[in-house]
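Chains A and B supply the protein sequences, listed in that same order.
Using our numbering, you'd call the opening residue of the first sequence number 1 and step up by one each time.
Using our numbering, you'd call the opening residue of the second sequence number 1 and step up by one each time.
Check each hint, because a few of them may be wrong.
A pair holds if it fits inside one copy or across any two, identical chains being indistinguishable in the list.
As the list claims (entries may be wrong) - Within a straight-line C-alpha distance of at most 20 Å, the following computed SDA-like cross-link-like pairs (lysine to any residue) qualify:
1. K322 x R348
2. K344 x S3
3. K344 x P192
4. K120 x Q98
5. K298 x D152
6. K344 x S14
7. K256 x F48
Simulated from the structure, these hints should not be mistaken for lab results.
Protein chains: 2
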Amino acid sequence: MSSLHNDYPWTTHSGPIVVSAPMLKIALAPLAVSVSAAGGIGFLAGGFASPELTQHLAEAAELVKASNIPLHNGLLPIGLGFLSWGTDREVALKALQQYPVAAVWSFAPYQLSDLLEWSKAVRQISDNKTRIWVQVGTVAEAVEVAKTTKPDVLVVQGSDSGGHGLSQRASLMTLLPEVRDVFKKEGIEGIPLVASGGIIDGRGAAAALALGADGVCLGTRFLASSEVSIAKGYQDEVLRAGDGGVSTVASTIYDKVRGYRDWPQSYAARGVANRTFLDAVHGMSEDENIAMYEEATKLGDSGWGPEGRMTTYAGTGVGLVKAVSPAGEIVKSIRKEALEVLQKSASRFQV
Amino acid sequence: MSSLHNDYPWTTHSGPIVVSAPMLKIALAPLAVSVSAAGGIGFLAGGFASPELTQHLAEAAELVKASNIPLHNGLLPIGLGFLSWGTDREVALKALQQYPVAAVWSFAPYQLSDLLEWSKAVRQISDNKTRIWVQVGTVAEAVEVAKTTKPDVLVVQGSDSGGHGLSQRASLMTLLPEVRDVFKKEGIEGIPLVASGGIIDGRGAAAALALGADGVCLGTRFLASSEVSIAKGYQDEVLRAGDGGVSTVASTIYDKVRGYRDWPQSYAARGVANRTFLDAVHGMSEDENIAMYEEATKLGDSGWGPEGRMTTYAGTGVGLVKAVSPAGEIVKSIRKEALEVLQKSASRFQV
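Just chain A, with the same shape it has in the complex (with noise of 0.2 Å):
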């Protein structure tokens, strides 16, 4: 049992907490109730906290009180990502004054020290209430993260991980374990480690949990829930690419030709490679690529594919997606696997 049950008392205690990475516009509140109904942590998407994130904590709270997860001291029993670079502070602290939630996590500052007087005031407006998440990719940024902001949670975040990361990272093989041990040299105490980044199903889980988490948090494998927020061309293109350490790449290239061009520049972004990422690696002008990305935004679901133009964002692990499950099942089914590999792969030794 780790300290994350407490905080968050409707999780399921038996097996690993598993949570669901608040990923931008694709995780809105039918994938977050689903999965925390399903005894996990399920974040939605604030991103930069545009005007509609009131509706959808709206959204969130009458599926709460539908699938009858009791309110947790009054909180929303559902995390609340922002990008933070981007975010809209204001708009995001009347949201969560109006629909307070169990976690806030943030991603992505322009400085590390951003994240100090934003997580004061979400701790302020929720009395304490409300628990700080932060996502970081190496060591030297757990250390800082820990230190300053001393977050209640701290998501670890591999090198396999779809959509944006640092762009030079270790995987979480190595990353986790050494966090760990620099945690307890430092002596910095209390703060689990969720990790993320290649976690698709019981194996990755129970892996990440040998490596030392406390809980397990997926993004890839939830474009492939019911619940999912996502175009048809997009899930399909998922269910088809295998073998992701060369079928995808981290690329800044898909933000651009996207729009959005003011993430910190130590971020890329890991989907599968297509015609806008050949075209820029054999030297299209930026220009050139971006008109027709917006040509191929009129194509619908077949703008998607290798040889397609929409963004199809996704882990190293999307080979291992290969069906579209209720995001319920996916929560136990993972849960259950990671207990019974760590089971097997230990008596598989015992003479």
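Dock chain B against chain A, hints included.
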């Protein structure tokens, strides 16, 4: 218990099989024999099969005798690794005839089909006693090699590895389970998978087992073993460096300054970032960089370090390597810790 134990009967059954990687010029007879003497499988670096190979094997034979490890089928209880693209096959086969070994490991052919004839030749001169190991880095490579070369073992190398590897790859987190799943789907059976890339201690080994490995291979960890053939400056830099996701870089510049110009184009090599790398990034010509590298070779141990120019090949797990230990102790502690980690992780969530 894994089927690996049958083919390498000196290996210990009480935990996962621990393999030491055939690191060029670094993993020689003392390291390889110490690993096998501790119940693992030590690999001697055959490299390109230079004339000194026979001397290294003669030394290994002496050390095996002194260690009282029984020969298996008349074979030395160690493996021999070759860089496929540059191997002098005549020299290699002659050495193998004089000193038959338990396993031959091939890595980095220009084309995967190059492995076929070579594997046949090795099998033939050993009366099918020497086992064929092939290292791969993608799902597609794993499937093609399994179907054509039909090796006895596949070494699956993830993106965290030090030294050479495919420049575009997933980490073990997703690569290993996807190879397993695709093998199952394609009906490929009976080829044990040895995981490599990012495994430093029992946590990484436990994670690899959970992800589907039958055995684990370590390189970077053995750079800090008592028996390794390494300059003190190099070893000190391995002990110093941390946060390997950012402090190491995968690049081709280290090959260039060291005079290795014929690696297959899809490969890069991961090492700690130093002046060679930074100067290359900032536009220094290759010729000047080579000249400065050659000057640095005269500096002895002070040629290493972040401001030095001597190459410190190491994986992203370099920060987990904090002390020099005898290779046998490393092997035993990984075996023990891996089991403890799996048992502890499994019991943690049982209510």
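When no copy is named, should K344 and P192 be tagged within, between, both, or neither for a Cα gap of at most 20 Å? This pair counts as between: shortest inter-copy Cα distance 17 Å, intra-copy 26 Å.
Homomeric proximity label, K298 with D152: Cα distance no greater than 20 Å: neither (43 Å within a copy, 51 Å between copies)
What label fits K344 with S3 when the C-alpha limit is 20 Å: within, between, both, or neither? between (25 Å within a copy, 16 Å between copies)
When Cα atoms must be at most 20 Å apart, do K256 and F48 count as within-copy, between-copy, both, or neither? within (17 Å within a copy, 45 Å between copies)
Check K344 against S14 for me: Cα-Cα at most 20 Å, and say if that holds within a copy, between copies, both or neither. Result: close both inside a copy and across copies, 17 Å intra and 15 Å inter.
If the cutoff is 20 Å on CA atoms, where do K120 and Q98 land: within, between, both or neither? Let me know, please. within (18 Å within a copy, 71 Å between copies)
Measure nothing new, just compare the shortest in-copy and cross-copy C-alpha distances for K322 and R348 to 20 Å and report within, between, both or neither. neither (28 Å within a copy, 30 Å between copies)
Checked against the numbered hints given earlier, the structure breaks hints 1 and 5 and satisfies all the rest.
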